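Whenever a hint applies, use it, and build me the whole structure from the sequences.
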Amino acid sequence: MGYVAIKGGGVAIKGSLEALETLRAAEGEQGVPLSLSAIENQLRLLTSRIVSEGGLYHPRLAALAIKQMQGDTLEAAFALRAYRSTKPRLMSTPVQETRRMRVIRRISSAFKDIPGGQMLGPTYDYALRLMRIDLADESPEVFREIAAKFMADTPGDALPETYPKVVEALRKDGLLPEAPAHDIEPFDITREPLIFPIPRSAVLSSMARAETGSLLALAYSNMRGYGDIHPTIAELRVGYLPVYLPHPVTGEEIEAGEVLITECEVVAMYENSDNKSKPVFTLGYGACFGHNETKAISMAVLDRALQKGMKEGPTNPSEDPEFVVLHVDGVDSMGFANHYKMPHYVTFQSDMDRLRTTQAKAEQKRGNKK
Amino acid sequence: MTHYESYPRRDWPRLLLALPPQKVMEAARELTERCLVDDQALPQSGLALLQLRDGALAEPYFIGEIPLSRAHVTVVDDKGEKGEGAAQILDDRASLARAMAILDAVLANKLNGSENIEILLEEGARRLLRDEASRSVILKRTRVDFSLLDATGEDNEI
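Chains as they are written, first to last, in the working numbering: chain A, 195 to 564; chain B, 135 to 292.
Since the hints were derived computationally from the structure, they do not count as laboratory data.
Source: prediction; values computed, not measured.
Here a beta-carbon is modelled for each residue, glycine too, at the ideal position from N, C-alpha and C.
Possibly wrong hints are sitting among the right ones.
To spell it out: a stretch of chain A is covered by chain B in this simulated footprint if at least three of its residues, at any positions, have a beta carbon under 8 Å from a beta carbon of chain B; those stretches are [said to hold, decoys possible]: (1) 281 to 289; (2) 305 to 314; (3) 350 to 361; (4) 374 to 386; (5) 453 to 465; (6) 474 to 488.
Simulated restraints on C-beta separations [to be verified]: (7) D279(B) to Y420(A): 35 to 41 Å; (8) M345(A) to N246(B): 36 to 42 Å; (9) P227(A) to L263(B): 53 to 59 Å; (10) E506(A) to S140(B): 53 to 59 Å; (11) P154(B) to Q262(A): 42 to 48 Å; (12) S229(A) to L263(B): 24 to 30 Å; (13) E215(A) to L263(B): 42 to 48 Å; (14) R238(A) to D145(B): 23 to 29 Å; (15) D172(B) to A321(A): 53 to 59 Å.
Right, here's the structure in full:
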């Protein structure tokens, strides 16, 4: 079989895009286009995944990407990343402190009596995993009343918006190492190549925009036995982080807007004392844009595993920064997997030529033996 | 009605961002009809790297990017009074940042027309209160009661 140039690829590609669009509108006359607001609100956890994996907190554009890519999370994150690459970088913000987060959910599995109390917030943790058949045919009237009903008849004074961090209480009790604030310039993974060894800030940034399932898989390997982190969640919080920027005229700190994030700190087993200081627990940290608890917990477990690997040398994959960081990015890994769909006619032709030559030689050997 | 001076300048962007953007743009457009607006820098729209401090080792890192628009203007009102204003907001509309910079200039320098912006701040504050109340309800309705069953005397709080 020879290698020949073909024509008509452009027409086929155009047709395939039209076929995609046709399937998006396959409901026909009964169909109503999805509104971005409906995606952003009713599929808020999906939108959360895209803002974090796309690395850009823009829920409306994330909703658009979900609509455009017909629900494919990897493609939607890719589209958001492509968009961000077209925009100019105006600044990097001053360091924001997450203790200022306006929480809507805050739990600890380490203590029940955390300062400020535990609030379950919106969670499926205690929901039955049974199909709610009533949602299959939901009336718009009932749907619109849900929020109003929830808000009505709630007695008592308003609760505070912000709460102290649980790890700070543990530090005060001398159970965690002191953590004086560092002012080192963090690594920018969007501008600098990853040349190992990389600083922890590069690892945190890479994991913050990693694909949720990839992070979970590697963290799960550690939890199951390919590692020994044994985490306890000191605090898992979800809320809106106000972003403070200097006023361009006065220099005064002003709130420029807020960002929904999920943050998790896990306490891991204490390290052996070097006889100079007392033994203390160790910590792992995870955070990402949007509401994505599985991702934040997985990231925190991996952060602790990687701290250990960087200090003592990796003993399993989840402790190896190169292994973890280079395999958790959804856009990278999806791109590599899908590039195999592209024509490899020449390389495969070469493979076939080699095989046929080898087959011929083998045939010849067998003939000689006879 | 609360006087706008009860809201410090640092709160104005948050109050204005609570309003529908069209309302802010319209207010700025009305002001520009009787004021002279001079851009000190070209209004820009782009991204900012969001830097957080991690909760374990207190190290700074970048969690990702956020949309950012900014504008810096000088406004001269119909009485010849002049003032400077600016805005940096988490939004990708430079036109909205410019509108907020105009309102910032007029209000901070008490230029002619500032009373209309006071009304906007009040409305923004009301909307913010509503949002805060809805978040507070989520916390209140989902707060875990860890008191012992004997102490509460109720059997539906398990």
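Hints versus structure:
1. As drawn, the segment 281 to 289 of chain A meets chain B at 9 residues by the rule of a beta-carbon pair under 8 Å; at three or more, the given contact holds.
2. Judged by the Cβ-Cβ criterion of 8 Å, the segment 305 to 314 of chain A is covered by chain B as claimed, because 6 of its residues qualify and three suffice.
3. Here the segment 350 to 361 of chain A counts 6 residues with a CB under 8 Å from a CB of chain B, which clears the bar of 3, and the coverage holds.
4. Residues of the segment 374 to 386 of chain A lying with their CB closer than 8 Å to a CB of chain B number 11, which satisfies the three-residue condition for coverage.
5. Coverage of the segment 453 to 465 of chain A by chain B holds. Counting CB-CB distances below 8 Å, 4 residues qualify, and the rule asks for three or more.
6. Interface restraint, the segment 474 to 488 of chain A with chain B: holds (6 residues with C-beta to C-beta distance below 8 Å; minimum three).
7. Checked against the hint of 35 to 41 Å, the pair D279(B) and Y420(A) passes, with Cβ atoms roughly 39 Å apart.
8. For M345(A) and N246(B), the Cβ-Cβ distance of about 40 Å falls inside the hinted range of 36 to 42 Å, so the restraint holds.
9. Distance hint for P227(A) and L263(B): a CB-CB separation of about 34 Å, inconsistent with the stated range 53 to 59 Å.
10. Restraint check, E506(A) to S140(B): a C-beta distance of roughly 57 Å satisfies the suggested window 53 to 59 Å.
11. At about 26 Å, the CB distance of P154(B) to Q262(A) disagrees with the hint of 42 to 48 Å.
12. Evaluation of the 24 to 30 Å hint for S229(A) and L263(B) yields a pass: the beta carbon distance comes to about 27 Å.
13. At about 44 Å, the CB distance of E215(A) to L263(B) agrees with the hint of 42 to 48 Å.
14. With their beta carbons about 27 Å apart, R238(A) and D145(B) fall inside the hinted range of 23 to 29 Å.
15. Look at D172(B) against A321(A): about 57 Å separates their beta carbons, and that is inside 53 to 59 Å.
Checked against the numbered hints given earlier, the structure breaks hints 9 and 11 and satisfies all the rest.
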